[in-house]
Amino acid sequence: MNKNYTFKIGGEAGFGIMSAGLLFSKTCSRSGFHIFDYAEYPSLIRGGHNVMETHFGVGEVFSQERGVDLLVALNQETVDRHQGELKGGGGVIFDPGEIKVESLAKNFPVPLRKIVGEIGGPKVMINNVALGAAVGVFGLDIKTLLGVIGDVFADKGEDVVGKNQQAAQAGYDYVKKEDYVLQKLDTVSQSQKKLVLTGNEAIGLGAMAAGCQFYAAYPMTPASSILHFLAAKAEETGMIVRQAEDEIGVINEAIGASFAGARSMVGTSGGGFALMNEAVSLAGMAETPLVIVVVQRPGPATGMPTWTEQGDLQFIIRSGHGEFPKIVLAPGDVSEAFELTVEAFNLAEIYKTPVFVVSDKYLSESHRSLERSAVKAAALPKLSKRSLKANSYEHLAGGYTTELSEERIKHVDKRNQKTETYLKNHFQGPRLYGSQRADVTLVGWGSTKGPVLQAISNLESPTFSYLHFNRVWPLNSDLVGAELGKYKKLVLVENNSTGQLGQLLRQETGIEIKDKLLKYDGRPFYPEEVLKHVS
Amino acid sequence: MLAKDFDTDYAPTWCPGCGNYGIWTALKEAFVKLGWKPDEFVVVYGIGCSGNMNDFVESSRFHALHGRAIPNAVGIRLANHKRPVICVVGDGDCYGEGGNHLIHAARGNFNLTVLVHDNRVFGLTTGQASPTAGKGYQSKSTPQGVIETPVNPLALAITQGVTFAAQGFAADMPRLSDLIAAAAKHRGFSLVNILQPCVTFNKVNTLEWYRERTYKLDDKERTKDEALKLVVDSKRIPLGVIFREERQTYEGSLPQLKDRPLVEKGPFSDLGSILDDFC
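From first to last, the protein sequence lines are chains A and B. Using my numbering, read the first sequence as starting at -4 and increasing by one per residue. Using my numbering, read the second sequence as starting at 5 and increasing by one per residue.
A hint or two may mislead.
Claimed, not checked - Dumping the calculated EDC-like pairs for lysine to aspartate or glutamate here, alpha-carbon to alpha-carbon at most 20 Å:
1) A:371 - B:281
2) A:380 - B:268
3) A:228 - B:274
4) A:109 - A:90
5) B:269 - A:90
6) B:262 - A:230
None of these hints come from the bench; they were simulated from the model.
Input sequences plus hints: build the corresponding full structure.
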């Protein structure tokens, strides 16, 4: 059984909620805890309601959960919306001059704005004061937070770092003076600092480790942070990172670069991917290796840009007109995001066809702690020879256009054969987490892994297990059908309204999973919801 | 090298009298003048009658999607900037479907040569009006006559940042061949708009029609304003180098490409230093 703690900070956009949450996550990680953080924010630059929560514990943390130990409210809206989430024994840090908190277990009023005023910092620094206070009430070491601030803000200069540290220290000192205590947590010893990474950062690192030389993208939430990360490191890694004029330009440039011998990748979300579809077909026909990252968000059309969904599985599998092979990988957590991106580059070179890495906002933007050893540069995928003669028409070897019947059959068969070869040589079936004799086996793909594993890990003797698909297309029907047949009762769990993996499994194996746990409100699953459904 | 060294085993399939033959001949002559060998450069073809040249010219080649030759060419340039890249595209392809890419590649001044077969129709799809068709042009898709005024490709290119803009004529092969060679030699984004008839579908913009309106420009240097004045004149069509200037290319501005082409660089191996930021 895991005992995890939850820190949650809320306020208006523009008040550094996200960075405050990350600072707290890193402080917990450096204190030896495992973390998982999760943010919700509207599609706005200022105002609105932003929240960031860090879940931390001694053992592995797989997802967010209901129940808040410490709520840091930088505005009234945060109290009004979230005080109902407090656990018995939970507390609230807030500025009594600005915010009213009724009753509640432990109130920790801290004059955030007054303290910032005394230091002479900008108003946004109330989040630092609050962070220092949070560290104090949890009984963590303020020096750890100060160290994190120093590292994270290093490039903003000594002045800024100093002021931020001063604010944090002041918040800490205040709660110690007032003897505010929520917990008395001990630092956990660890041999090496863990990494704190989002899915997108893991994908970026995977690309670097795989020798990616060219990355192109058009800004689109929630894929943009891959572009920002790779662009920031471009000179250091020698990668060319390019923001092209539109998604059609993006993917065609990457195909050109790949044709000429560079390992190439593009990244986008559903709507941008829709624009790329013709070129997906081109990569299949011209046989140019290409890695395509799709970070899903709720659709259709513009949808809900800053929220999460697993709504594009069938679209991606069927993308690009015409029949040609494609490989679709769907990492379930940050560690898989790194590994499968590296694998994607390898598969793209071997099969000379588009390979997809499918993520979603929930995986891509949440941080999770990871052992450093999980992110090591593997042997570089071998670059396949480039013919330098490519054609979007049906063509002969040598790249000449053809319309002959026998040639067409030959080349369609050649392309389709790649699917069979992959299924024989590289496909891996789903992986079971938990007992094979469990009463219920949840079946899912991608990021539902986190909440389901958290639900399993929260119980002494879980009665359910999780069958996790992270290689979703093509599927080896015999292997997958046999696997599904091993379990007592199957329950489909997906972050969409139509159960797309379920449809795929029925198509490929004839097995229909009738019991479906589907969530499509833009939010990820919570372990509590999973538990409720299987009980 | 001789021009015939750039022939393949496939004979062109264009209509007899098509301007493409003239452009094809001039292009091969230009390669000879440049002293290039077939494996030393890449041609990126669009989709259209002109794009079928993919099968008739010996070289490294990429037969792109309709409208997308320019971004493919940009990617090819960034992967290996030592290799010259020529785009052979049509007016519908480049100015219609691919118009956005032209604008932004011009802004970047990628070291590319774009040769546009401008016959004012979509030939391969049987004759619909193209973006360069005159206002009022009647075609299968525009029986009431085109409502829009035509794209002005040279004005567009010049204002968006190409550093070499020229116009040629398919019937004047020697001069066209020189223009193509000059465009290819130029360090930066070169656009050559090549006027040609479509003998099968375009009964308006015939060889005669062009001969009545085109004139040869002198070789002197011109400011951007002077160049624009020449190309916005709808009555007279200039032939020759219209505008030329020097500006650092996109490839030349990338520190990643300072030492060697992208494809010749060794892999990045110091993940450790980047990981430190994540602890």
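Hints, verified against the model:
1. Of the pairs offered as hints, the one joining residue 371 of chain A and residue 281 of chain B holds, with about 15 Å between alpha carbons and a cut-off of 20 Å not exceeded.
2. A distance of roughly 14 Å separates the Cα atoms of residue 380 of chain A and residue 268 of chain B; the hinted pair therefore holds under the 20 Å criterion.
3. In summary, the hint linking residue 228 of chain A to residue 274 of chain B is supported, as the alpha carbons are separated by about 12 Å, within the 20 Å threshold.
4. Of the pairs offered as hints, the one joining residue 109 of chain A and residue 90 of chain A holds, with about 9 Å between alpha carbons and a cut-off of 20 Å not exceeded.
5. Taking the CA atoms of residue 269 of chain B and residue 90 of chain A, the gap is near 55 Å; set against the 20 Å cutoff, the hint is violated.
6. Under the criterion of a C-alpha separation no larger than 20 Å, the hint pairing residue 262 of chain B with residue 230 of chain A is consistent with the structure, at around 11 Å.
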